[in-house]
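Q: Residue-level listing of the chains:
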Amino acid sequence: MSMLQENDPYMKDMKQVETAALFRQIIRIMEELRQGVKKPYKEVIDVASGDPQKTGMKPLSFVRQILAACLYPQLINDNKLPVDVRQRAQRLLGECPGGSVGSYSATRGMPDIVHRVSEYISRRDGGAWSNPENIYISPGSQWSLANIFQILVNTEASTRTGILTPVPGYNTSILSIKELGAVPVPYYLDEEQGWELHMEELHRALASAKGVCNPVALYIINPGNPSGQVQSRQSIQEVIQFASEKRLFILADEVYQDTVYGEKSEFVSYKRVLAEMGPPFSDTVELASFHSASKGMLGECGLRCGYVELVNLDPAVMKYIYTQFSKDSCAPVLGQIALDVMANPPQPGDPSYPFYIEETQHIRTTLVHNVNRALTAFNSLPGLTCQPGEGGVFVFPRLDLPPRAIQKAKEAGLGPDTFYCVNLLEDAGVFARPGAEYGQKEGTHHIRICIMTPPDIMEELLRRVTSFHTQLMKDFS
Amino acid sequence: MSASRMQLLSPRSLLLLSRGRIEMGAQRPGSGPGVRSLTSPPLYPSSPGRALSSLSATRRGLPQEKMSENGVVSRPKVLTIDTMNPTVKKVEYAVRGPIVQRAVELERELSEGMKKPFAEVIKANIGDAHAMGQQPITFFRQVLALCSYPELLNDSTFPEDAKNRARRILQSCGGNSMGSYSASQGINSVREDVARYIERRDGGVPCDPDDIYLTTGASDGIVTMLKLLVCGEGSSCTGVMISIPQYPLYSAALAELGAVQINYYLNEENCWSLDINELQRSLDEAREYCNPRALCIINPGNPTGQVQSRECIEDVIRFAAKERLFLLADEVYQDNVYADGCQFHSFKKVLFEMGPEYANTVELVSFHSTSKCYMGECGFRGGYMEIINMDDEVKAQLSKLVSVRLCSPVPGQALMDLVVNPPQPGEPSYDNFIKERTATLSALEEKAKLTEQVLNTVHGISCNPVQGAMYSFPRITIPEKAIKEAEDIGQQPDMFYCMKMLEETGICLVPGSGFGQKEGTYHFRMTILPPKDKLEILLNKVKEFHQKFTLQYS
Chain A
1 MSMLQENDPY
11 MKDMKQVETA
21 ALFRQIIRIM
31 EELRQGVKKP
41 YKEVIDVASG
51 DPQKTGMKPL
61 SFVRQILAAC
71 LYPQLINDNK
81 LPVDVRQRAQ
91 RLLGECPGGS
101 VGSYSATRGM
111 PDIVHRVSEY
121 ISRRDGGAWS
131 NPENIYISPG
141 SQWSLANIFQ
151 ILVNTEASTR
161 TGILTPVPGY
171 NTSILSIKEL
181 GAVPVPYYLD
191 EEQGWELHME
201 ELHRALASAK
211 GVCNPVALYI
221 INPGNPSGQV
231 QSRQSIQEVI
241 QFASEKRLFI
251 LADEVYQDTV
261 YGEKSEFVSY
271 KRVLAEMGPP
281 FSDTVELASF
291 HSASKGMLGE
301 CGLRCGYVEL
311 VNLDPAVMKY
321 IYTQFSKDSC
331 APVLGQIALD
341 VMANPPQPGD
351 PSYPFYIEET
361 QHIRTTLVHN
371 VNRALTAFNS
381 LPGLTCQPGE
391 GGVFVFPRLD
401 LPPRAIQKAK
411 EAGLGPDTFY
421 CVNLLEDAGV
431 FARPGAEYGQ
441 KEGTHHIRIC
451 IMTPPDIMEE
461 LLRRVTSFHT
471 QLMKDFS
Chain B
1 MSASRMQLLS
11 PRSLLLLSRG
21 RIEMGAQRPG
31 SGPGVRSLTS
41 PPLYPSSPGR
51 ALSSLSATRR
61 GLPQEKMSEN
71 GVVSRPKVLT
81 IDTMNPTVKK
91 VEYAVRGPIV
101 QRAVELEREL
111 SEGMKKPFAE
121 VIKANIGDAH
131 AMGQQPITFF
141 RQVLALCSYP
151 ELLNDSTFPE
161 DAKNRARRIL
171 QSCGGNSMGS
181 YSASQGINSV
191 REDVARYIER
201 RDGGVPCDPD
211 DIYLTTGASD
221 GIVTMLKLLV
231 CGEGSSCTGV
241 MISIPQYPLY
251 SAALAELGAV
261 QINYYLNEEN
271 CWSLDINELQ
281 RSLDEAREYC
291 NPRALCIINP
301 GNPTGQVQSR
311 ECIEDVIRFA
321 AKERLFLLAD
331 EVYQDNVYAD
341 GCQFHSFKKV
351 LFEMGPEYAN
361 TVELVSFHST
371 SKCYMGECGF
381 RGGYMEIINM
391 DDEVKAQLSK
401 LVSVRLCSPV
411 PGQALMDLVV
421 NPPQPGEPSY
431 DNFIKERTAT
441 LSALEEKAKL
451 TEQVLNTVHG
461 ISCNPVQGAM
471 YSFPRITIPE
481 KAIKEAEDIG
491 QQPDMFYCMK
501 MLEETGICLV
511 PGSGFGQKEG
521 TYHFRMTILP
531 PKDKLEILLN
541 KVKEFHQKFT
551 LQYS
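If you read the protein sequences in the order shown, they are chains A and B.
According to full-length UniProt numbering, the first sequence is numbered sequentially starting from 1.
According to full-length UniProt numbering, the second sequence is numbered sequentially starting from 1.
It is worth saying that the hints were derived from the structure and are not from the lab.
In this text, a Cβ means the ideal position worked out from N, Cα and C, and glycines have one as well.
Restricting the straight-line Cα-Cα distance to at most 20 Å, the calculated cross-link-like pairs of lysine to aspartate or glutamate (EDC-like) are:
| # | chain 1 | residue 1 | chain 2 | residue 2 |
| --- | --- | --- | --- | --- |
| 1 | B | K543 | B | E503 |
| 2 | B | K435 | B | E446 |
| 3 | A | K441 | A | E200 |
| 4 | A | K246 | B | D82 |
| 5 | A | K58 | B | E151 |
| 6 | A | K319 | B | D82 |
| 7 | A | K80 | B | E160 |
| 8 | A | K319 | B | E105 |
| 9 | A | K264 | A | E192 |
| 10 | A | K58 | A | E358 |
| 11 | B | K227 | B | E393 |
| 12 | A | K246 | A | E200 |
| 13 | B | K518 | B | E269 |
| 14 | B | K227 | A | E156 |
| 15 | B | K322 | B | E353 |
| 16 | B | K322 | B | E278 |
| 17 | B | K449 | B | D335 |
| 18 | A | K441 | A | D400 |
| 19 | B | K89 | A | E156 |
| 20 | A | K80 | B | D155 |
| 21 | B | K543 | B | E120 |
| 22 | B | K435 | B | E160 |
| 23 | A | K39 | A | D427 |
| 24 | B | K115 | B | E503 |
| 25 | A | K80 | B | E151 |
| 26 | B | K500 | B | E107 |
| 27 | B | K449 | B | E268 |
Some chain B residues near chain A, calculated using beta-carbon distances under 10 Å:
| # | residue |
| --- | --- |
| 28 | V104 |
| 29 | A131 |
| 30 | L249 |
| 31 | F380 |
| 32 | C407 |
Sequences are here, hints too, so could you generate the full structure?
A: Pasting the structure below:
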């Protein structure tokens, strides 16, 4: 066992066991609530995943109306739904084989949708060309990511493949890397600097892989999950230069691109920066950029759809990428339709436009409001410090628990953050996730909370966390 | 294989693994006797891989390598054919392979006004019922529309039972929305409904909802289970027995996992039946070079359409018990049985009726899907698997594997729920549901018979009865001259045949070599899904093509 593995900040499989325990706990509590067992709360607030609709955020009406009309085409012929919805549904059905959302699509996704997604990317990136042939729609960005890992990771080589991964970073991606027997090579984000990514740290991380594994790729989450930082254009340029120099394939997880709320922040895609850097970078640096219908304004996690755009890949490899995706058959067609709406929302003048703008504005306002409320509340509590985020849908406050609480956690066989989450769930009915799942600097502990909730739910959550936290600090001081 | 895969073993499986095996070079999937691989032409002749290269007009057309200051060529790609994961290179997936890509090209050429000897491309390559014009079940779509846009619950034109079903499904979704993630294993109430369905189907054999996993189509379940089973290297490398012909998902997944594919041959002369002696032969041979741990059965068969008898299933179960093999039963065509005297028996039911000696020990997973049967809803990617007698520690590893996918698509889960819990007698939608389902299934039955009958009138084509599933897999005689010509251009003879057919008639079939076949025999897979009038035309075009082809090359 190498040093790198011993110091695995993602806590190897231990976190799996603890997470499984947390999930069993929530199932038990939900069941007890159903049976009428008395608790200090009537409902659990589940902010464990980046899942806005779970806590009651409404889906966009335009998306759902189109889905309903595609599912039940009789709705196209009567006037219950707005005319632009019906037109769009009719067009989409015309693009499905046999005119049904029940047929398989092509491997890369419905060709017309893939095409419109490429146009959307091009618009987003100030005109940088996007080739539809390099886009693969899949059942969620994690699915695409796993497929790309499968090709990047040499499962037969004697030296294991390494992938540079952020700490903290999204646990499911890390699990996919480990599942293939590859080594996540951690690079740490600087919490004190608002979880900024420093180039020296990337250099250090790469050096740490020496003699342990063969690092081939750099996995970046921007905006950050769980840490919420947003990279500047300059930072992205530096990362691209680094990847070019060190010959690393860039995996840019950009699923939170539509939820940037920091006043001075702006989302700039890796693809765009790469294109604007010009040759030799724009011709050579290999990049996979991931996006999803689960996040942003849509928040359609349950539909399971995302895409990856591949840039500068060797054509000989592209052939295998096609085969790799083809054996999944295709992405769920309803999800592809949602993705199409994301890429092509209603335009000024369309009947659905005013309400669409109202709904998306509401989502943006809610996010900004919730983030400010959460920061104020958490930062006013002793033992909790929360970095101001700039994007994404999570806050990741740091816990500084009294030694007695840490001792108690140890006795229970849990990390302090898991201990905190277990009790927060049991006593206050709030389901948050421990930082250990995402990786954290040794000796620090965090919790991750999704802040994309209706404002009243956020208020109730803050009330519960405040009261729980105050009590815990009192009990263990 | 990787360390993480090693962790997936239970103590019991480790015992299985430690049994001594004779050392021999590890045989790689696809290289087994009789299975020929497709030699695919390059898929991207126009090399679209370099998205950004056209950004800089000045650099357009320059080679990818750049010269550094000292004149040394630098910057080769990180990911090249030599550095990529070698197991991925062995993956082939014929039902979406080169012939289908050519079909898509032809469609485009037609739409651009290019002259072809045909007016449209008919994709008879894939079991995609709706693409061929099959209508969805009204009730299913009503409920799903209501779930998607719950404001429609106030609409009086939707039947009450559809609304009730939609409310029930929404209540079991997080935040009452299909847009939230479900538990990785699937929505609880759906798993409960699946369990009740299985109990009804299997005459009361108990089913525990905890053993049900909702999946992204059956394929996802199959790949997940194979991942769980595969481990080891060299002679301890996991071997998985699959039928030849087989559905290429199995060979593709095994290749990717670096497992050994063990071929057992179905008996074409006896309606593609499964013969236990053949199972034994292939297993005994495989024990020389790998560690066989699982046996995959597709019933009703794909591509071969045979339906297993109860006795045959019992024999397979006894064989699996004796040889300590994990059984994977792909039963996605369970409602598609057409031949007189044939009936679908689930492995689960037969296993439990064989008594505790088997029922408590034989490890089994059974797969089902929303894509086939009378629903044909492929685009939803819905499915489930039921797991029986699996070790608890392995189950924990399975939970970990399924969590990487977060969850299967919720609309697909909702649809699965409707399939296992359709309208009941007395409910407003019942009569129409039965009418629609019966119409689809009897049309399929008629088309199954028609296909067999017409194909068997062609000299040089012989077709077994299509007892079930959605395909015919006739044997074709290819003249020596054509075989020679195919070999000269590095193609399998039946690929050559199917490509010619596509170019000349617009009919897209999958060559038998994509599924595996006995050496020296050639086949194609054709779906029976086109509407009857269209199917008749199609069969006659196949007939004409075959006669012309035979004449041309004899």
